Amino acid sequence: MSKKVDLLKENEFKLLIKYMVPCILGMLGLSFCILIDTIFIGKKLGSTGLAALNLSLPTYNIFNALALTFGIGGATALSISIGEGNHKKGNEIFTTSIVGAVCVCIVISILNIFFIDEICYALGASEITFPYVKSYVGVILFFNWSFIFISVLNVFVRCDKAPKLAMTAMITANITNIILDYLFIFPMNLGLGGAALATSIGQMAGILILLLHFVKRNNTMSFKIKYFNFNSFLRIVKNGIPSFITELSAGYVIFIFNLAIFNMLGDLGVSSYSIINNIILIFTAVFYGLAQGVQPLVSVNYGSKNYSRVDRFLKLSSIIALILGVVFFSLCILFPKSFIGLFTSDTGSLLNTTVAGSKIYFFCLLFSGINMVNIGYLQAIEHSKKALLLSLLRGIIFITMYLLVLPKVLGVTGIWLSVPVTEFTTLIISLILVHKNNL
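The letter at position 99 of the sequence shown is residue 99 when you use the numbering used here, and the numbering goes up by one with no holes.
Since the hints were derived computationally from the structure, they do not count as laboratory data. None of the values given here were measured: they were computed from a predicted structure. There may be inaccurate statements among the hints.
[Stated by the list, open to error] Below, a list of computed lysine to any residue pairs in the SDA-like style, where the Cα atoms sit at most 20 angstroms apart:
#	residue 1	residue 2
1	Lys14	Lys164
2	Lys408	Pro420
3	Lys44	Gly341
4	Lys359	Thr347
5	Lys44	Leu183
6	Lys18	Leu165
7	Lys164	Lys216
8	Lys305	Glu10
9	Lys44	Leu268
10	Lys164	Thr176
11	Lys305	Glu382
12	Lys226	Cys103
13	Lys436	Glu382
14	Lys408	Ala260
15	Lys408	Phe398
[What the hints assert, rightly or not] The following label-pair restraints were derived from C-beta to C-beta distances:
#	residue 1	residue 2	range
16	Asn219	Leu334	41 to 49 angstroms
17	Asn86	Phe114	41 to 49 angstroms
18	Asp6	Glu127	52 to 60 angstroms
No residue lacks a Cβ here, since even glycine has one placed at the ideal position from N, Cα and C.
Turn these sequences into a full structure, and let the hints guide you.
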């Protein structure tokens with residue numbers, strides 16, 4: 001009961017900080033792992049290694065998309081049930097989410113066994129990059145369960161009033177990954193496969209930390225197979241589909257952006273985009289963390305029909321997203337070479353191409369944070385159709401349209417400009433939908 005009272009009575013700003021900060025640090029986890037991979041691979045294997053890693057990144061987006069379908073989808077329903085005082089329903093939702101995640105892991109494992117080559121070529125691997133992509137993706141697919149379950153459990157543990165433990169789990173994963181990354185890539189010369197193995201083991205270490213929550217007295221979630229409910233499964237998937245589209249579309253954007261930039265600049269363009277995208281991944285993780293941190297606060301108060309607090313949480317998180325966006329954009333525009341230098345020691349064409357592209361691409365930071373908050377808010381109050389619409393517009397429809405049109409008019413500049421224009425257009429529509437949805 002104390003959990004419900006805390007979320008309903010405590011000061012909104014203090015609650016938001018309490019949940020937002022650990023969540024942001026947690027969401028930085030996988031992005032930070034990818035960042036470390038990119039830095040080490042760039043130093044060890046050069047532009048070919050960077051290109052292969054960038055081609056492999058959509059695999060992570062697929063994992064996150066599937067994990068957040070059951071994580072965010074289930075946690076939203078769980079938090080609303082808590083707000084309603086229905087803890088039995090909460091256990092039903094938790095069990096159903098875990099069963100769904102297990103089924104997904106089994107399917108991915110089967111695909112890895114029989115279709116690994118086809119998967120690598122589908123990601124865009126060429127004759128040059130194929131062996132590198134296969135060595136990385138093969139390991140990631142084998143350990144798919146570690147990536148999916150650290151995301152699913154992290155969301156539920158955070159919603160069960162343990163945001164600090166969720167943060168600790170991700171920090172543990174990060175530290176483990178950094179140490180093993182260095183050992184596997186440099187002294188042991190295991191290349192991209194070693195980087196993937198280090199990241200996978202890091203996720204396993206994080207899972208072990210999260211499992212500690214389920215032996216504590218303050219744990220309110222219980223897994224029993226008899227709690228599985230098909231109607232709850234449908235509710236979870238419905239709630240989680242916007243997160244699925246958001247994450248999957250991130251991989252889609254990488255894929256089609258790689259195609260567009262390759263057609264104009266070749267492997268140099270792909271390597272340049274790889275650097276820019278990895279910088280963006282870190283800032284995007286912060287925005288995701290903010291959106292997910294406010295989710296249980298909105299959902300619990302929405303379930304208790306405390307609509308004035310729901311509105312205040314939305315306004316606070318939107319203001320924070322705007323401030324962070326301005327700060328991130330300013331840093332990237334003022335010090336582009338400092339960020340780019342983390343990934344390459346090149347001082348010629350790669351550096352020049354990346355700097356030129358980043359000065360346009362980084363404008364997306366001004367708008368993307370508020371978009372993520374608005375989509376997360378609509379999910380948190382189970383307005384999944386509106387959240388899904390925004391996710392589709394932002395992640396698939398607008399970006400495809402602008403990548404087809406802008407390069408024909410503006411050349412390479414049009415490619416770099418496509419993402420900022422997508423985010424700005426989405427922002428206009430998201431503000432209209434959220435305003436119409438005022439409680």
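Here is how each hint holds up against the structure:
| no. | hint | result |
| --- | --- | --- |
| 1 | Lys14 <-> Lys164 | holds, 15 angstroms |
| 2 | Lys408 <-> Pro420 | holds, 17 angstroms |
| 3 | Lys44 <-> Gly341 | holds, 14 angstroms |
| 4 | Lys359 <-> Thr347 | holds, 17 angstroms |
| 5 | Lys44 <-> Leu183 | holds, 12 angstroms |
| 6 | Lys18 <-> Leu165 | holds, 12 angstroms |
| 7 | Lys164 <-> Lys216 | holds, 14 angstroms |
| 8 | Lys305 <-> Glu10 | holds, 16 angstroms |
| 9 | Lys44 <-> Leu268 | holds, 17 angstroms |
| 10 | Lys164 <-> Thr176 | holds, 18 angstroms |
| 11 | Lys305 <-> Glu382 | holds, 13 angstroms |
| 12 | Lys226 <-> Cys103 | holds, 16 angstroms |
| 13 | Lys436 <-> Glu382 | holds, 15 angstroms |
| 14 | Lys408 <-> Ala260 | holds, 11 angstroms |
| 15 | Lys408 <-> Phe398 | holds, 16 angstroms |
| 16 | Asn219 <-> Leu334: 41 to 49 angstroms | holds, 46 angstroms |
| 17 | Asn86 <-> Phe114: 41 to 49 angstroms | holds, 43 angstroms |
| 18 | Asp6 <-> Glu127: 52 to 60 angstroms | holds, 58 angstroms |
The structure meets every hint from the earlier list without exception.
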